[in-house]
Amino acid sequence: QKEVEQNSGPLSVPEGAIASLNCTYSDRGSQSFFWYRQYSGKSPELIMFIYSNGDKEDGRFTAQLNKASQYVSLLIRDSQPSDSATYLCAVRAQGGSEKLVFGKGTKLTVNP
Amino acid sequence: DVKVTQSSRYLVKRTGEKVFLECVQDMDHENMFWYRQDPGLGLRLIYFSYDVKMKEKGDIPEGYSVSREKKERFSLILESASTNQTSMYLCASSPGGSQPQHFGDGTRLSIL
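Residue numbers (the working numbering), protein chains in the order written: chain W, 1 to 112; chain H, 113 to 224.
Simulated from the structure, these hints should not be mistaken for laboratory data.
Do not rely on the hints blindly, as some may be mistaken.
Unchecked claim - Straight-line C-alpha distance at most 30 Å; calculated DSSO-like pairs for lysine-lysine: (1) K99/W - K167/H; (2) K169/H - K183/H; (3) K67/W - K125/H; (4) K56/W - K107/W; (5) K182/H - K56/W; (6) K67/W - K2/W; (7) K67/W - K99/W; (8) K169/H - K2/W; (9) K2/W - K125/H; (10) K107/W - K182/H; (11) K167/H - K182/H; (12) K56/W - K167/H; (13) K165/H - K67/W; (14) K56/W - K2/W; (15) K130/H - K183/H; (16) K104/W - K115/H; (17) K165/H - K183/H; (18) K99/W - K165/H; (19) K104/W - K167/H; (20) K42/W - K183/H; (21) K165/H - K2/W; (22) K42/W - K125/H; (23) K115/H - K125/H; (24) K107/W - K165/H; (25) K107/W - K115/H; (26) K167/H - K115/H; (27) K125/H - K165/H; (28) K107/W - K130/H; (29) K167/H - K2/W; (30) K183/H - K115/H; (31) K56/W - K165/H; (32) K165/H - K130/H; (33) K107/W - K2/W; (34) K125/H - K183/H; (35) K182/H - K130/H.
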C-alpha cells in the first residue's frame, strides 16, 4: 500500500515567519509531487507541483524534493494569516497511472 | 482557468434513495475523479475515468457506481444511500501526462 505521511499539526507560526511543511512517501518510484491548500469547508486548491530533485519557487512558496530521501517539503515565506489552512501533499506513482495518493494534511495557523 | 463544476454544494437525501452527483469540466480533460473526504481519513479515491465509457475502481468503490457518457461529464451514483455515505464528495479532472488534478467546489451530502 503506497503511503504519504504528513505531520497533522497544528503548526503554528507568527505572521512574517517561514512555515515549513513536510511530507514523506513510501513508493520510491514516485514521479510527480503536488501541494494543495484547503481552507475549512472548501475544496483543495493547487499551490505547487514539482517533478525533479531540488527546489522550485513560485512567489512566497518553495517546493523542495529529495527523491533519495523520499521527502518533499513546502516552504511559505513571509507567512500571512490568509495562509492559515490545511496543506495536502499528493504523490503520483510511477507506471503511468494518473491516480494520486494524498496525505491527510497539515493544518497551518499563522498568528497575527 | 480550469473550471470543474459540481451540480450541488449541499444535498440531503434519505437512506435507500438512489443519489446522483454530477460533475462537469470545461477543459477537455481526459481524466476525471471522484473522491470523498472525511475528518481523520483524508481524501479517498472512489472511482476514476480515463476516457469516455472507461472507468477504474479506486480505493473505496463499494456502494458506488459511475457513468461517463460524454468527455466533459462524470457522474457518481449511490445505488442505495446509507448513513455511512454522509461525506464531502469532491470531483477532480486532469489532462493526463502527470499534470495536476483540479477540483470542483465539492458536494456536502447528508444521508438521513
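Pairwise hint evaluation, K2/W against K169/H, where the allowed Cα distance is 30 Å at most: The hint holds at about 16 Å.
Pair hint K107/W and K2/W, alpha-carbon separation not exceeding 30 Å: holds (22 Å)
Pairwise hint evaluation, K183/H against K165/H, where the allowed Cα distance is 30 Å at most: Holds, at about 9 Å.
Agreement of K125/H and K165/H with the hint, judged by alpha carbon distance not exceeding 30 Å: holds (27 Å)
Given pair status - K167/H, K56/W, alpha carbons within 30 Å: Cα-Cα ~34 Å, so violated.
30 Å Cα cutoff - pair K2/W, K125/H: violated (34 Å)
Hinted pair K56/W and K107/W, Cα distance within 30 Å: Holds, at about 22 Å.
Given hint K182/H paired with K107/W - CA-CA distance at most 30 Å: violated (37 Å)
Pair hint K99/W and K167/H, alpha-carbon separation not exceeding 30 Å: Answer holds: K99/W to K167/H is near 12 Å, not above 30 Å.
Straight-line alpha-carbon gap K67/W to K99/W, limit 30 Å: holds (19 Å)
Proposed proximity, K165/H with K107/W (alpha carbon, max 30 Å): violated (38 Å)
Straight-line alpha-carbon gap K130/H to K183/H, limit 30 Å: Roughly 23 Å between the alpha carbons, so the hint for K130/H and K183/H holds.
Of the hints listed earlier, those the structure fails to meet are numbers 3, 5, 9, 10, 12, 13, 24, 28 and 31, in rising order.
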